[in-house]
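Dock chain B against the given chain A, drawing on the hints supplied.
One line per chain: the protein sequences are A and B, in this order.
Using numbering that gives the first Met the number 0, read the first sequence as starting at 0 and increasing by one per residue.
Using numbering that gives the first Met the number 0, read the second sequence as starting at 0 and increasing by one per residue.
Don't read these hints as lab results, they were simulated from the structure.
Among the hints, erroneous ones may be present.
Said to hold, decoys possible - With a cut-off of at most 20 Å between alpha-carbon atoms, the simulated EDC-like pairs for lysine to aspartate or glutamate come out as follows:
id, chain 1, residue 1, chain 2, residue 2
1, B, 55, B, 35
2, B, 65, B, 26
3, A, 19, B, 14
4, B, 55, A, 23
5, A, 19, B, 56
6, A, 47, A, 31
7, B, 198, A, 138
8, B, 198, B, 97
9, B, 55, B, 14
10, B, 198, A, 139
11, B, 198, A, 31
Claimed, not checked - Sample of chain A residues with no beta-carbon within 10 Å of chain B, all distances over it, derived:
id, residue
12, 45
13, 46
14, 49
15, 65
16, 86
17, 93
18, 96
19, 114
20, 163
Even for Gly, the Cβ is constructed at its ideal location relative to N, Cα and C.
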Amino acid sequence: MDAQQRETLLRAMLTELVGKGYGDASVERAREAAGVGAAEFEAEFDGKDECLFAAYDYLTERVVERASADCDQADPWPDRVRVGLESLLQAVAAYPEMARALTRAFPGIRPAAYERYVSLLSRFVPVMSEGRQYSGVEDELPGEVELLAVGAAEAIIFGEVDAGRAERLPGMLPEILFSVLVPFMGPDRAADEMRSAAAAT
Amino acid sequence: MLTTGNDVLLVPDRERILQAMADCCAENGYAGTTVEAVLERAGVEPQSFENHFAGKEDCALAALNKIVSETLARISMTASDAAGAVERRKYEGKAILELMAARPSFAKLGFIESRQGGTEQMHGAYESAARVLALMMERLGGTGGSGSTARAALGGAEAVIRRELAADRAAGLPQLLPDFVYAVLVPFVGQGEALRQAKLAARVAAEEG
Numbered sequence: 000m001d002a003q004q005r006e007t008l009l010r011a012m013l014t015e016l017v018g019k020g021y022g023d024a025s026v027e028r029a030r031e032a033a034g035v036g037a038a039e040f041e042a043e044f045d046g047k048d049e050c051l052f053a054a055y056d057y058l059t060e061r062v063v064e065r066a067s068a069d070c071d072q073a074d075p076w077p078d079r080v081r082v083g084l085e086s087l088l089q090a091v092a093a094y095p096e097m098a099r100a101l102t103r104a105f106p107g108i109r110p111a112a113y114e115r116y117v118s119l120l121s122r123f124v125p126v127m128s129e130g131r132q133y134s135g136v137e138d139e140l141p142g143e144v145e146l147l148a149v150g151a152a153e154a155i156i157f158g159e160v161d162a163g164r165a166e167r168l169p170g171m172l173p174e175i176l177f178s179v180l181v182p183f184m185g186p187d188r189a190a191d192e193m194r195s196a197a198a199a200t
Numbered sequence: 000m001l002t003t004g005n006d007v008l009l010v011p012d013r014e015r016i017l018q019a020m021a022d023c024c025a026e027n028g029y030a031g032t033t034v035e036a037v038l039e040r041a042g043v044e045p046q047s048f049e050n051h052f053a054g055k056e057d058c059a060l061a062a063l064n065k066i067v068s069e070t071l072a073r074i075s076m077t078a079s080d081a082a083g084a085v086e087r088r089k090y091e092g093k094a095i096l097e098l099m100a101a102r103p104s105f106a107k108l109g110f111i112e113s114r115q116g117g118t119e120q121m122h123g124a125y126e127s128a129a130r131v132l133a134l135m136m137e138r139l140g141g142t143g144g145s146g147s148t149a150r151a152a153l154g155g156a157e158a159v160i161r162r163e164l165a166a167d168r169a170a171g172l173p174q175l176l177p178d179f180v181y182a183v184l185v186p187f188v189g190q191g192e193a194l195r196q197a198k199l200a201a202r203v204a205a206e207e208g
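Bound-form chain A, shown alone (with noise of 0.2 Å):
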């Protein structure tokens, strides 16, 4: 199989299980639509799960890399986080199938899969580490508050995916800016992060 056919195949995956449910995810159907033969298939993956698995890797590593691409231009560090911010909300806004994929339909497979969605959630805590110097009490803040930033956007972003508001996410940027700096700047200061976004939306 080559590569064209395999993503096709992997996003087939994620499109079944967010469509059916993963007891009846089919592997069939998703061979037909990236015109995978049973024999291709069975030379790559042992079955469904293991192609569920990769699918779900090969969705992450794209999420990630969008998110940064940007961000790594920007700088100071609030730009940093706004840019690559935008960037995610815009991906999720405009692909909400496989943003439920991401953050419900994979993770609740079972405890290994959603080690994947914390493991995920892990990769957005180096950037926001950058914070810590930017903060002006680096040696004062909470050990975990990275996670505090990451785990407040994932809440606003894994509520809206899931009411099927993927689209209003590129608006809702101010705020979920906002809730990401106010761990590290304090409110007053995030919240001039936000009027800043909001006056450049």
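Structure of chain B alone, referenced to chain A:
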């Protein structure tokens, strides 16, 4: 463990079934849990399960209600001892974390399975509980953020709880009280006061539960 030794004779079937449901979901997820596995773990007959529950989802919802009720009871008990709203949030946080540490399987059911793994009804129960907690946070007063600020602040704390639960480190949750106090206070009371309260929370965490 309620399902081994002489304890089996002392604990009512319903309680044993609820504990077994929580344990099975913690190990295999709600989707991977069967009524048969719950019965085996609880050491009860199918008839007893049917006397108490309409099926798997009904049983999981009852287990979920059990941990939510216990949480609310602990919160209401601690709130009466504390003076101001900020002080109350600190002791409520301590009560919740200590309960999660003592009931890790139920904590997983409440924080992980009901949110991302269970049925729509379980998910609805999780959302309702989260809304109640967010409303409690909003009573702390003004913020420069928006209507989603309280939900986001709680979401930060929940992300840490879920990571610890998924890694089977529930026992250490009470030590994270300063982080949680900081998370839920900082949007509402400002950074300086939230940092001060987080330091005080370290002392509260060290107090006997």
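Numbered hints the structure breaks, given as an ascending list: 3, 11 and 19
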